[in-house]
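In the order they appear, the protein sequences are chains D and F. Residue 38 in the working numbering sits at position 33 of the first sequence, and the numbers go up by one each step. Residue 92 in the working numbering sits at position 87 of the second sequence, and the numbers go up by one each step.
Just so you know, these hints were derived from the structure itself, not from any lab. Check before you lean on any hint, since a few could be wrong.
Chain copies aren't distinguished; within one or between two, either way the pair holds.
Okay, derived cross-link-like pairs now, DMTMM-like style, lysine to aspartate or glutamate, Cα gap no bigger than 25 Å in a straight line [as the list claims (entries may be wrong)]:
| # | residue 1 | residue 2 |
| --- | --- | --- |
| 1 | Lys65 | Glu41 |
| 2 | Lys23 | Glu48 |
| 3 | Lys118 | Glu18 |
| 4 | Lys21 | Glu45 |
| 5 | Lys83 | Glu48 |
| 6 | Lys61 | Glu18 |
| 7 | Lys118 | Glu45 |
| 8 | Lys116 | Glu93 |
| 9 | Lys116 | Glu48 |
| 10 | Lys21 | Glu48 |
| 11 | Lys118 | Glu48 |
| 12 | Lys66 | Glu48 |
| 13 | Lys61 | Glu45 |
| 14 | Lys23 | Glu107 |
| 15 | Lys66 | Glu53 |
| 16 | Lys83 | Glu67 |
Protein chains: 2
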Amino acid sequence: MQKQAIIVRTDLEMGKGKTCSQVAHASLQSYMKTKEKNPEWVEQWTREGQKKIVLKVSSKKELEELFKKVRTRLPCSKITDAGHTQIEPGTVTAVGIGPAPEGKIDQYTSKYKLL
Amino acid sequence: MQKQAIIVRTDLEMGKGKTCSQVAHASLQSYMKTKEKNPEWVEQWTREGQKKIVLKVSSKKELEELFKKVRTRLPCSKITDAGHTQIEPGTVTAVGIGPAPEGKIDQYTSKYKLL
Chain D
6 MQKQAIIVRT DLEMGKGKTC SQVAHASLQS YMKTKEKNPE WVEQWTREGQ KKIVLKVSSK
66 KELEELFKKV RTRLPCSKIT DAGHTQIEPG TVTAVGIGPA PEGKIDQYTS KYKLL
Chain F
6 MQKQAIIVRT DLEMGKGKTC SQVAHASLQS YMKTKEKNPE WVEQWTREGQ KKIVLKVSSK
66 KELEELFKKV RTRLPCSKIT DAGHTQIEPG TVTAVGIGPA PEGKIDQYTS KYKLL
């Protein structure tokens, strides 16, 4: 089974709508990256109903460390917000991973809690 | 300027993560629909930084009425959740519109508040 994981920071005190838009950015960017690098994962994920899970981290450091580990292993994307509203320009807010096989994603994300 | 609007129900009492995943579903589905029907809007939107706004409605009726109005005019997508967690299978949760020119979207969505 394929899934996409989106990991978002909770320490920025973004409102619900802002958080949702960062998650959507990460989901779309990571989808496009995966479509380019592993199109067969995207096809399978689409057939299976496009499972997505949203997880949380509580610091920039945690998110950057996760991204550093994952970036050479799985298609993924880090979102930096333009900062028009609520937060400073250039703030790293979220990371999207995959879609990719569940087991491969869980290796990196199993310690994070659902948002 | 192009933007994508995502409209989500607040009456379902979904948790934050669930809400974010519904918004991400709507964003991705509507992106794919637009890419098929109006690829030039997607290209322009990508060049401009992929503006997304997340709005709220408080009932199924409101969301269905919006979708009925928009569906023949703009590329859009209605999300029905499989209901594995938190809500009943087949529940309509969100609608994504575009990316499309801001003015065309605002015609239908200007009365809704940001999530």
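Status of each hint after checking the structure:
1. Lys65 - Glu41: Neither: 27 Å inside a chain and 36 Å across chains, both beyond 25 Å.
2. Lys23 - Glu48: between (29 Å within a copy, 23 Å between copies)
3. Lys118 - Glu18: This pair counts as both: shortest intra-copy Cα distance 17 Å, inter-copy 19 Å.
4. Lys21 - Glu45: Neither: 33 Å inside a chain and 30 Å across chains, both beyond 25 Å.
5. Lys83 - Glu48: both (22 Å within a copy, 20 Å between copies)
6. Lys61 - Glu18: Cα proximity of Lys61 and Glu18: in one copy and across copies (13 Å, 19 Å).
7. Lys118 - Glu45: neither (28 Å within a copy, 39 Å between copies)
8. Lys116 - Glu93: Neither: 28 Å inside a chain and 28 Å across chains, both beyond 25 Å.
9. Lys116 - Glu48: So Lys116 and Glu48 fail the 25 Å test inside a copy (27 Å) and across (37 Å) alike.
10. Lys21 - Glu48: The answer is neither: 30 Å in one copy and 28 Å across copies each exceed 25 Å.
11. Lys118 - Glu48: Neither: 27 Å inside a chain and 35 Å across chains, both beyond 25 Å.
12. Lys66 - Glu48: neither (33 Å within a copy, 33 Å between copies)
13. Lys61 - Glu45: neither (28 Å within a copy, 35 Å between copies)
14. Lys23 - Glu107: For Lys23 and Glu107, only the inter-copy Cα distance (19 Å) is at most 25 Å; the intra-copy one is 27 Å.
15. Lys66 - Glu53: Neither way: Lys66 and Glu53 sit 33 Å apart in one copy and 29 Å across, limit 25 Å.
16. Lys83 - Glu67: within (13 Å within a copy, 34 Å between copies)
In summary, the numbered hints that this structure violates are 1, 4, 7, 8, 9, 10, 11, 12, 13, 15.
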